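Q: Here's the letter readout for the chains.
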Amino acid sequence: MARGLGQYILIRALMIIPTILILYTLVFFFLRILPGNPVMAVVGTKNIPPEQLEHLMEMAGLNKPLYVQYFDYLKGILHGDFGVTLAFPMGKPVWDYISQRFPATLELAIWAFTVSVLLGLITGVLGATKKGTKVDTSMRLYSIIAYTLFIPWFGMMLQYVFGIHLHWLPTSGRLDPGVDLHTITGLYVLDSILTGNWEALVSSIRHLILPALTLGIVLSGAYTRLVRNNMVDVLSQDFIRSYQARGVPDRKVLWYALKNAFIPVVTLMGLQFAILLGGAVLTETTFSWPGMGTFLVDRIDYRDYNAIQGAVIFFAFFVGVISLIVDIVYAILDPRVKY
Amino acid sequence: MEIAGKIAEFLFGKKPGRGMMLFGLTIVLIVLIMAIFAPWIAPYDPTQSSDDVFAPPSGEHLMGTNRLGQDMFSRIVWGSRIVLYVVFIATLISMAIGIPLGLVSGYYGGKTDRALSVVMDSIYAFPALILAIVIAVVLGPSPLNTAIAISFVYVPTYFRMVRGQTLSLKGQLFVEAAHAIGAKNREIMFKYILPNLAPTILVVFTLSVADAILTEAGLSFLGLSVTPPTPDWGYDLRVGQPFLLDGYWWLVFFPGVMIMLLAMAFALIGEALNERVSLGTR
Amino acid sequence: MLLEVKNLSIYYYTLTGVVKGAEGVSFSIDRGEWVTFVGESGSGKSTVAHAIMNIVPSPGRIVSGEVVFQDRDLLKLSKEELREIRGKEISMIFQDPMTSLDPLRKVGDQVIEVMTVHGIPEEEARERAKELLEKVNLPPDRLDYYPHQLSGGQRQRISIAMAMAFNPKLLIADEPTTALDVIVQDSIMDLIEALKAEGTSIYFVTHDISLAAERSDKIAVMYAGKLVEFGTVEQILENPLHPYTKALIEAVPDLWKEGKVRAIPGYPPDLRNPPSGCRFHPRCPLAKAGLCDAEEPEFEEVEKGHYVACHFPGGWRG
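Residue numbers (the numbering used here), protein chains in the order written: chain P, 2 to 340; chain G, -11 to 270; chain D, 134 to 451.
These are computed hints drawn from the structure, not numbers from a lab.
Don't take every hint at face value.
Restricting the straight-line Cα-Cα distance to at most 27 Å, the calculated cross-link-like pairs of lysine-lysine (BS3-like) are [said to hold, decoys possible]: (1) D/209 / P/131; (2) D/209 / P/132; (3) P/260 / D/221.
Just so you know, these numbers come straight off a predicted model, no measurement behind them.
Kindly produce the complete structure, drawing on both the sequences and the hints.
A: What follows is the structure, given as structure tokens:
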């Protein structure tokens, strides 16, 4: 069984490679079809000496034929080399930025993801168990409204109410100024616990609440709907009535139903996580959260194509890893999956 | 006339989801009117600065004014043009590419189909907003470019849906019957299969418009859609954010509400349609 | 009397209208008696079975009636009191063994659970689970299997094993063999019969009257949510009084006799809007205008233990 699972994971991992390659190719060529070249885009119309331009081109790896660049970059990625920045500060490895910024995004994503799944489960189960009532209708409306909230707007409203008006929570950054934290993983909450730094723990959690709620609530709408529909479906099946007929208490029956309803939700999680990452770009921008999203937006302002390319391709890897994890979780949860 | 009656019955008939449908259609209609009659509805020139800066909402300025003293209500009214333009161009392009590709790919199958599916699935699995950002960056800020960027990320939505349905329809009796009477492949695809997909396409259309509205707002929030001083909801939201600290809530409240209402309107219509379509097939 | 059902009505409140799944159903089952309910699908025989257990699926609701089991009205019991009876004194097996077991849990855990929720310690339950499997002719190692690893017949045996956990007073079997091969069917029927031999009463649902005839003591015929005839097997088969019962019997193909199987003309009615008067009148050869389409016949005892709801019981005999 264990060996079978190992094999299954390997096959799934191999199946993700084409996806990442396709996205890499797309992004690589997109960024090459722009008029002129990336260096000129940064330098602009300023007149610079040709030898300096030559140097810049070489540094960016742009002086070789396109197909050579394509494979060189790919080779680099496998060694953790995502190229160098082309705009201020010029020539720094993009990987340095990614490794510094990514944990912030991961932390936000994990919390927002947890919020969204929990909210989705609660509202979905409520809707399903009260099917056809006003509760069901309200949960359905919740799902649509949550889904169509515009993240920056919703975030700003929360900032206005809980930050600016009530002064309960901070509205930007990850830690209060003056709070020191020795980082190990880059996930501040985890690091605070690991180093026993309670001041940082409180501060980091307080900073996380609004962004995680913003992103989590918006993402929960899709779960509400899916959990509700699956739950209705499962509750109508014979095995639920069969449990009842055997004298199994209602609370247990609901739990078994939920487990069954949750399986299709797991399959959706990979896709939802991708949407969450898109939303994270907006959330980070709204809350000045120093993650991959703000890095990307920051580099866009500089037209730093190397950094943009690096960041986006890293996102592609990350999405691939997530969908692999989802596949594995699914295989473990559902005994019917053959591997 | 009879068809018009049927459509009216389909849209407004006393069926489940009627409330959602009416609410959605009303909002869409209001925004449409705003966009078409913007010059008559907007009391001020949306790009005209004035000394009356940061004025709170009042009879004179329904939604207040911004840091340049521009009338927010007029900017909202004119901004509707950009959203509708971008979103409809984007959706039309993605339909024009996604539907025929999905139809042909699903109908003929084979290696091309498999390759195309892998590519489409890859794009589909990637965060739409991030991909749209990349394209928008390359193309540069303009409403048409934004539309192209958005259209790209929604092609797989149509492709996947149409391909899947085509696969299941192509084995059905009426398609086999069409073969038997000597219909050509192209005829079967476009005359027999495509019309059967129409209801589903309609549902996916409304839902993807709702999604595209949010993506457009996201791109313009990040400054990738229009250049100032063009009135645009997402962009106004970004420009207004720093002043939230000073309590000037109206700078961000109204543009955001409009984005949400419009997206919600399409989502509600899509929901109601979805219910009708699945009722019809049951 | 073990079970007495009085004037039971169950309605389904659907989006498109109220479906009268069963209306005014009354009958009784004695200790150790096998009563078979027959009728077309949608006639209400399963609905009544669900109602006895009070597990009618939403949007269905029991709108009136009593289910008196050992002198207690099950519909008036508290949740906990009812839960203690379910699975212990009354057991149930469902039609489709593919869907009546939780796909995510090992069958052993599900079998053991029946006992633990009724107060038997885990260890003892595990031992008894093995014995139960042997009783239904399954190797005990099947307890470690997931439902999808078993065949339909094996799963139905598991269901029966669970139903046998406590020697129930009543077993409700809702078309337990419909989804199975003919050969497997027989062994399942044997298991149910073995249970009956130990004193369990059987409420058996089928649409196949020939299956009913072999092993049961009494037959109840349902049509469009109504109980139309009730009596001993001999009374029903040899002296059917309702034209629908007669039609059902004639619809059974007889291997030994020449001649065509006679199907019942027409379709079962839409229960959102059932026919006025006798619900069978639109399909009935004896129907008399002004009576059958206006007045509902009473469900009356015409000979000892033989009940029928018809204006012209046995009317085709002239």
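Q: All hints are to be evaluated individually against the structure, with a verdict given for each.
A: Checked hints:
1. D/209 / P/131: 23 Å, holds
2. D/209 / P/132: 24 Å, holds
3. P/260 / D/221: 26 Å, holds
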